[in-house]
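Participant: As a plain string of letters, each chain reads:
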Amino acid sequence: MWPRLAAAALGVWLMAAPAVLGYGGAASTSQRIAGPIVAAIAVVAMTEATRPLRWANLVTAAWLVVAPAVVAHDGTAAAVSMAAGALVGALACVRGRRRARLGGGWRAIVRPGVDRPAGR
Amino acid sequence: MTPGARRPDSRAARPDRVPPGWSYNPSAWSERWPLVVLAAAGTVIAGYLAAYQWRFVDTVWEPFFGDGAEIILNSGVSRILPVPDAALGALGYLLDAVTGALGGRARWRTLPWMVVLFGVAVGPLGAVSILLVVLQPVMFDAWCTLCLASAVISVVMIGPALDEVLASLQHLARVRASGRSVWRAFWGRDRAPAPTADAVPRSGAT
Numbered sequence: 011m012w013p014r015l016a017a018a019a020l021g022v023w024l025m026a027a028p029a030v031l032g033y034g035g036a037a038s039t040s041q042r043i044a045g046p047i048v049a050a051i052a053v054v055a056m057t058e059a060t061r062p063l064r065w066a067n068l069v070t071a072a073w074l075v076v077a078p079a080v081v082a083h084d085g086t087a088a089a090v091s092m093a094a095g096a097l098v099g100a101l102a103c104v105r106g107r108r109r110a111r112l113g114g115g116w117r118a119i120v121r122p123g124v125d126r127p128a129g130r
Numbered sequence: 187m188t189p190g191a192r193r194p195d196s197r198a199a200r201p202d203r204v205p206p207g208w209s210y211n212p213s214a215w216s217e218r219w220p221l222v223v224l225a226a227a228g229t230v231i232a233g234y235l236a237a238y239q240w241r242f243v244d245t246v247w248e249p250f251f252g253d254g255a256e257i258i259l260n261s262g263v264s265r266i267l268p269v270p271d272a273a274l275g276a277l278g279y280l281l282d283a284v285t286g287a288l289g290g291r292a293r294w295r296t297l298p299w300m301v302v303l304f305g306v307a308v309g310p311l312g313a314v315s316i317l318l319v320v321l322q323p324v325m326f327d328a329w330c331t332l333c334l335a336s337a338v339i340s341v342v343m344i345g346p347a348l349d350e351v352l353a354s355l356q357h358l359a360r361v362r363a364s365g366r367s368v369w370r371a372f373w374g375r376d377r378a379p380a381p382t383a384d385a386v387p388r389s390g391a392t
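Just so you know, the sequences run in chain order A and B.
Once you know that position 101 of the first sequence is 111 in my numbering, the rest is easy, because the numbers rise by one and skip nothing.
Once you know that position 89 of the second sequence is 275 in my numbering, the rest is easy, because the numbers rise by one and skip nothing.
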């Protein structure tokens, strides 16, 4: 849960950062697009059944890290983008605790009965 | 938020209601009523915003972003379609609430089409919400509090709705593997006992 909450908070921060720290232009556009995507992916991945979606945030994280090299960023904007990107990427790699058993998950739709949990 | 940790509702936890290999029943009322409440709240919020866009009400409530809500709700994007975008949102939330509420505690196998329709209603609504949240500041440099609240609701619903879809799709896969009609099972017309994982011939080495 907490890796997803932290990632969602970073997404919301990215939406607010351009206004809070006073920069605009391409850097602001980049973060106002990436922010909601980061937060939405993190929120959906809170549910154990959709936890694998956390990997999608590696893509947004990669964009945030390289964005300052691709579109115009001042120093502050670049620092915000790269720091958030590094953190979101690291959080996406944390699986988090799993409590529920889900009958083999999405893979079981293709191969039913194969991924039965042990002991059943 | 973590279904497996929740105290099981004894009737919903009956063995024929918990999907094979699952630790909980995703169709239990304890899993579903929060989504129905959220969808109802979304219907009210989006309905109010549509009422403003149609000018049934003259002003719109905006506590944080000045005239942000007016800018967003009167923007060109919100009027691309013949009806205001919030009206479509309200319809979407209403479909979420209805398809979330209909069906019993084992509807993942007794009514798969309803579960899939629920998932199909929740998923795209969430995706469109994210798109609209991106467009607000990028195209109009404005924010709309109630639009954001509506987007949060639709995104929060996606994960908890899809676990039930997963259980239904696993059920249909077992039906297919056992040689019965997936079509009949999808529409809830297969009254035979649901195949369990054990009834399915295991393919491949394990």
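Just so you know, these hints were derived from the structure itself, not from any lab.
Every value quoted in this text rests on a predicted model; they were computed, and no experiment measured them.
Some hints here could point you the wrong way.
Unchecked claim - Reference excerpt, derived from the structure (chain A facing chain B, CB under 7 Å, subset only):
1. Leu31
2. Gly35
3. Ala36
4. Thr39
5. Ile43
6. Ala50
7. Val54
8. Thr60
9. Thr86
10. Ala89
Glycine is no exception: its CB is placed at the ideal position from the N, C-alpha and C atoms.
Participant: Please write out, lowest number first, the hints stated earlier that are contradicted by the structure.
Facilitator: 1, 2, 3, 9, 10
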